[in-house]
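J.: Every number in our numbering is 352 more than the matching position in the sequence shown, counting from 1.
Derived from the structure by calculation, the hints contain no laboratory data.
Where a beta carbon is used, it is the ideal one built from N, C-alpha and C, also for glycine.
Mixed in with the good hints there might be a few duds.
In silico DSS-like cross-links for lysine-lysine, where the CA-CA straight-line distance does not exceed 30 Å [to be verified]:
{"#": "1", "residue 1": "K405", "residue 2": "K447"}
{"#": "2", "residue 1": "K405", "residue 2": "K382"}
{"#": "3", "residue 1": "K411", "residue 2": "K382"}
{"#": "4", "residue 1": "K447", "residue 2": "K382"}
{"#": "5", "residue 1": "K447", "residue 2": "K411"}
Each pair of labels, with its calculated beta carbon distance range [said to hold, decoys possible]:
{"#": "6", "residue 1": "V462", "residue 2": "T387", "range": "28 to 36 Å"}
{"#": "7", "residue 1": "E375", "residue 2": "Q423", "range": "23 to 31 Å"}
{"#": "8", "residue 1": "S373", "residue 2": "A394", "range": "30 to 38 Å"}
{"#": "9", "residue 1": "A398", "residue 2": "I378", "range": "29 to 37 Å"}
{"#": "10", "residue 1": "F486", "residue 2": "Y422", "range": "15 to 23 Å"}
{"#": "11", "residue 1": "D408", "residue 2": "A455", "range": "30 to 38 Å"}
{"#": "12", "residue 1": "S373", "residue 2": "T471", "range": "29 to 37 Å"}
{"#": "13", "residue 1": "R419", "residue 2": "K447", "range": "32 to 40 Å"}
{"#": "14", "residue 1": "S373", "residue 2": "H452", "range": "20 to 28 Å"}
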Amino acid sequence: KLSALLLEPIVGTTQQVVELSEEQQILWSKFQRTTPPVISLADYLARLLHLLKLDDVVKTAIVRYKRQLYQHVGVQLSEQCAHRFVLAAVVVASKCLLDHQYAFTYYARVGGVGTGELTDLEVNLLRLLDWRVFCLDCV
Numbered sequence: 353k354l355s356a357l358l359l360e361p362i363v364g365t366t367q368q369v370v371e372l373s374e375e376q377q378i379l380w381s382k383f384q385r386t387t388p389p390v391i392s393l394a395d396y397l398a399r400l401l402h403l404l405k406l407d408d409v410v411k412t413a414i415v416r417y418k419r420q421l422y423q424h425v426g427v428q429l430s431e432q433c434a435h436r437f438v439l440a441a442v443v444v445a446s447k448c449l450l451d452h453q454y455a456f457t458y459y460a461r462v463g464g465v466g467t468g469e470l471t472d473l474e475v476n477l478l479r480l481l482d483w484r485v486f487c488l489d490c491v
């Protein structure tokens, strides 16, 4: 049920990129996949929820970051980028909003990416959100 609730506000029906600056295009390109992910977003979310025991604050932040991304940058998530976005959002929200985080290598392993790629995703998300990641409505 929770995966379905998270899925609806996270994934749009189409990917929409509206007038991104050259820097934003480069940052956003790191989230894009050329082939569809092997695992569905619902299954990926279930994996993250189970292995990372995501707090409600983090789940709320993921949806909030998605809204910010759409409002301030003009992108809407698709199946080609949602997995990487969700993983980066989990890391950013956990670091910003929680007292306890897992080791960075654990986030990478659970998310199915290398630590270098996860670092890039985290930094790119922060830059796309203009470092505005603390949300009062999340806590």
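J.: Each hint: holds or not?
T.: Outcome of the hint check:
1. Restraint check for K405 and K447: the C-alpha separation of about 14 Å stays at or below 30 Å, so the hint holds.
2. Using a Cα cut-off of 30 Å, the hinted pair K405 and K382 holds, with the two alpha carbons roughly 26 Å apart.
3. Among the hinted pairs, K411 with K382 is consistent with the structure: their alpha-carbon atoms are about 22 Å apart, no more than 30 Å.
4. Between K447 and K382 the alpha-carbon distance is near 21 Å, which keeps this suggested pair within the 30 Å criterion.
5. A distance of roughly 13 Å separates the Cα atoms of K447 and K411; the hinted pair therefore holds under the 30 Å criterion.
6. For V462 and T387, the hinted distance range of 28 to 36 Å is not satisfied, since their beta carbons lie about 21 Å from each other.
7. Checked against the hint of 23 to 31 Å, the C-beta distance between E375 and Q423 comes to roughly 18 Å, which is inconsistent with it.
8. Checked against the hint of 30 to 38 Å, the C-beta distance between S373 and A394 comes to roughly 33 Å, which is consistent with it.
9. As the Cβ distance of A398 to I378 is approximately 32 Å, the hint placing it in 29 to 37 Å holds.
10. Checked against the given bound of 15 to 23 Å, the beta carbons of F486 and Y422, roughly 19 Å apart, stay inside it.
11. Checking the proposed 30 to 38 Å range against D408 and A455 shows it is violated: the Cβ atoms sit about 22 Å from each other.
12. At about 22 Å, the beta-carbon gap between S373 and T471 misses the expected band of 29 to 37 Å.
13. Here the CB-CB span from R419 to K447 is close to 20 Å, at odds with the stated 32 to 40 Å.
14. Our hint of 20 to 28 Å for S373 and H452 is violated, since their Cβ atoms are close to 36 Å apart.
Taken one by one, the earlier hints fail for this structure at numbers 6, 7, 11, 12, 13, 14, listed in ascending order.
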